[in-house]
Amino acid sequence: MSKETVILNLPLVILLLPLLSAALILLFFSQYRRLSAGLSVGAVGFGLAASIFLFVSLGDDHSKSDTFFTWLSIGHADQNALLPSAPDVESLDFNFSLQNDPLSRLMLLVVTLVGTLVHVFSLAYMRGDEGYSRYFGALSFFVFSMLGIVLSANLIMMFIFWELVGVSSYLLISHWFEKPAAADAGKKAFITNRIGDVGFLLGILLVWSALGTIHFDSLGEQIVRNNNAGWTAIATIAGLLIFCGAVGKSAQFPLHVWLPDAMEGPTPVSALIHAATMVAAGVYMICRVFVIFTPEALEIIAWIGAITALLAALMAVQQDDIKRILAYSTLSQLGYMVMAVGCSGPDASMFHLTTHAAFKALLFLGAGVVIYAYHHEQDIWKMGGLSKTLPITTLCFVIGALALSGFPLLSGFFSKDAILMQAYLHNKALFGIGVFAALVTAFYMMRCVLVAFYGEHRGEHAESDMKPSGEMIVPLIILAILSVTLGWEYQGHGVNPILADLWELESFGHETHKAAHNAAMIGGTIAAFTGLLLGWIIYKDAKEDPLPAKLGKLAKYMRNRFYFDELYRFLNRWTQEKMSFAADWFDRWIISGLGVKGTSGAVDITGCLLRLFQTGNVQTYALLTVIGMLFILALILF
Amino acid sequence: MNISLEHYLIVSVILFCLGLLGVMIRRTLIVMFMGLELMLNAANLALVAFSHFRDNLDGQIMVFFIITVAAAEVAVGLALIVALYRKRQTNDVNDLTSMKL
Amino acid sequence: MQDLLFYIFSTLTLLCGLLVVFNPFSRNPVTSAMFLVLTIISMSGLFVLLKAFFLAAVQILVYAGAVIVLFLFVIMLLNVKEEERRRFQKFGTFLGFAAVTGLAVIIINTIGQSSAPSISKTQGNVVQVSTESIAIENNGEITELEIPDDKSKILVMTNGIQVYFKDVQTNQHAFVAYDTRVESEKIVKTIRLGAGLGETHGLGKLLFTKYVIPFEIVSLLLLVAMVGCILLSKRDELKEEETE
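Residue numbers (the working numbering), protein chains in the order written: chain A, 1 to 638; chain B, 1001 to 1101; chain C, 2001 to 2244.
Source of the hints: derived by calculation from the structure; they are not laboratory data. Check the hints yourself; a few may be wrong.
Distance condition first, Cα-Cα at most 30 Å in a straight line; then the derived DSSO-like pairs of lysine-lysine [what the hints assert, rightly or not]:
| # | chain 1 | residue 1 | chain 2 | residue 2 |
| --- | --- | --- | --- | --- |
| 1 | B | K1100 | C | K2090 |
| 2 | B | K1087 | C | K2081 |
| 3 | B | K1087 | C | K2205 |
| 4 | A | K550 | A | K540 |
| 5 | A | K540 | A | K556 |
| 6 | B | K1100 | C | K2081 |
| 7 | A | K179 | A | K556 |
| 8 | A | K187 | A | K556 |
| 9 | A | K388 | A | K543 |
| 10 | B | K1100 | C | K2234 |
Pairwise CB distance ranges (calculated) [said to hold, decoys possible]:
| # | chain 1 | residue 1 | chain 2 | residue 2 | range |
| --- | --- | --- | --- | --- | --- |
| 11 | A | S600 | C | V2227 | 49 to 59 Å |
| 12 | B | T1090 | C | F2091 | 47 to 57 Å |
| 13 | C | V2212 | A | G616 | 35 to 45 Å |
| 14 | A | G616 | C | T2101 | 23 to 33 Å |
| 15 | A | T599 | C | V2218 | 52 to 62 Å |
| 16 | C | G2112 | A | F586 | 53 to 63 Å |
| 17 | B | N1094 | A | D587 | 50 to 60 Å |
Not close to chain C: a few residues of chain A, all C-beta gaps over 12 Å, as computed [stated by the list, open to error]:
| # | residue |
| --- | --- |
| 18 | L58 |
| 19 | P180 |
| 20 | I300 |
| 21 | R324 |
| 22 | H375 |
| 23 | F529 |
| 24 | Y568 |
| 25 | L609 |
Using N, Cα and C, we set each Cβ at its ideal position, and we do this for glycine too.
All chains, full assembly: derive it from the sequences and hints.
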């Protein structure tokens, strides 16, 4: 087998292996726990090895996508069916094709790496759980779907896998489905995602009708080639509609409400899905189709991202559940990434995505260790003094927190400053918001670390009963190392240069935008240190939260997440519930009552009436005959 | 005024309706039968009138046949009434309702 | 004179017919039978007015003589008493009246509206015939009728020898004899009007030539009726004797 064939088919194998594992587990092996776990880990582990191989061997090779088979072919596109100014395309083929360019390879690496680490972590975390096999089956299925998104080469295929990811996240979030809260959270996630997906699909259709193609490779060419009115008229709308999908999947404002509730799922799930991969799918998608966004669309995208970043950071300040703090933090960082794309910096966005995957997964897994060790206690005010009992975990967690805050020289610093630089170049107001949000980020992370890990232990159990095993600690360490090193470049090799090359942009640190570069660096650093300091001052040795007293009303709003859930529930009650009542009434009275029962009743009554005619009396029959004759004559003669 | 076809036809119709009335109102079987005879006669009258006013003898031939058939029918009908009377001992048509649903 | 006779006979017919059906004085079936006889006799009179002499005679012979007698025999045999008074069903009776009246009204209406114009015959003798017109003399009056060219105005009679045409404008008609076998417009012979249709003679001729098959079938029918009557009215004496 030649190297070319291997490289050609390797993405397909990487994609299908988790699917095979999921199918086997869910169909046949649900009784065998160890076998299921082994299959799952093996599938994703192989994927990791293969991804590394691809990444290393292909490097910067900008190969185009490879088509494996045509799934659906819609004839020869009729010229009249498209917009009058649309280009002449041969036919619309929905191909099952896999994209194999540097961006895909990078994402492949991210997904499989975090996936493998989470799988290993789960071996220990979920031990003793009843749905062990089911969990690993769903996890494998999720990996398959996510890889599908990363590897797909056209919008339709990406949409299909998009939906599959939604389904898998639903399965995983409501893993403990006996808990009503978990089941509700799963539903909420899926439904909110769906709302975004409607916009996404409409956007895809608009793009296809105006440009005639849905393949990523040819999108750019088509736009350049057809600088025509047909496209420019709807370009902004199409772009915004596609962005809707990202709003749903990456939990931007206003569809952010599902992510905190999704913390009902097991912690490794949160680490994988809601930190590193699924929520990043939205950002990945808008980076992929970056060429279709017009400046107006980008403006709106940037502002939505900025609002999300700020809002989520503020909400995180007053949360007491450790997982929820991390969830809001994820929301905030996603807002940063989206803002970066809006400021025409997709490379900065992807850079931050990569580093975020590392340190957020680290933070979540660390939280998982803590939860596991302390009887599933999640309130930070009941923790404290964990640095004594879980030293390694504490160290890793602190590294992750510092990376998130943008502490200099850690990976988060580089990526966040890349974003701030883009913001500075684009719009100073956005820059300001970004800096402020960075400050708040550092503040709440310091709060979290101090309250949970340092100080006196406030919970009931002074000793942790479950010591974390090696399977849990090793992933933490690996991720900690990555959090530190991902931002570094060595002789032009690093994450950042790869990305910059992809969009032919200049990487962060380049000398051309000196002012912006400096502003970003200084601003970011000051924000980080200020936040950390503030946090230190307020929360050192705090027994309970002092902020509500100081900030009063604002703190209450923050704690209650600015009442978004209540708003949506209210809207829902006034629109959808009314409609469903109307529909129910219609079904019950009109269709069932009038239609079904009415028909049968009418037939019944008619039968009873007709029965009266059969008297058995000759004279009655004669009378009826005459009457009939009368009618017929009247009909004919008049 | 000239007696024309319409006059005879009107007489025929009224006679027919009287016969029909007889069938529907009277309860004795035999009188009902007489009503039937009236109806047949009305038809005969109409036919003869047509025959006369159209100068066509076919109408009269038909009347001839009708009279014949009516006679046969009366014979058989009365035989039936006799048999029915022997079975049910009643002449009232309202008592013969065994076909009631 | 004939009009007066018509009115007398028709009134008699209708009155007696009504009394057959609806007699306020007596509910005896024999009364109804008697009035039926009277009805038939009046109808005979009407038949005579319509110049159907043979049929009038047949009517009296067969109907009044045989059928009604048969009715009376059966009434006597069954000893049919007066109809008992039962609960007077108002609704049924009223409906019956209404229906029958409605029927009568509709048909009379139609008769009145009929598009066939009332044909007034030109009675009289044909005195002169030419290829274009016919002159008819009636009580000293001579009317001239044109022979139409258009065949559609000609009503063709049954036996193909007599052609009877009608002048559409004046609504008068006359008998003209055309021999349609030869050439349709040729006038062969004229026939007198005014006399009767020669009806017994004509009737017999028609009966035994054109309608001979129905004639035979009717005779068969009479045989069947006779057999049926005998069977139906037989007492089951033999069976009763056997079971005893």
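Hint numbers the structure violates, sorted upward?
-> As far as the earlier hints go, 3, 12 are violated by this structure, in ascending order.
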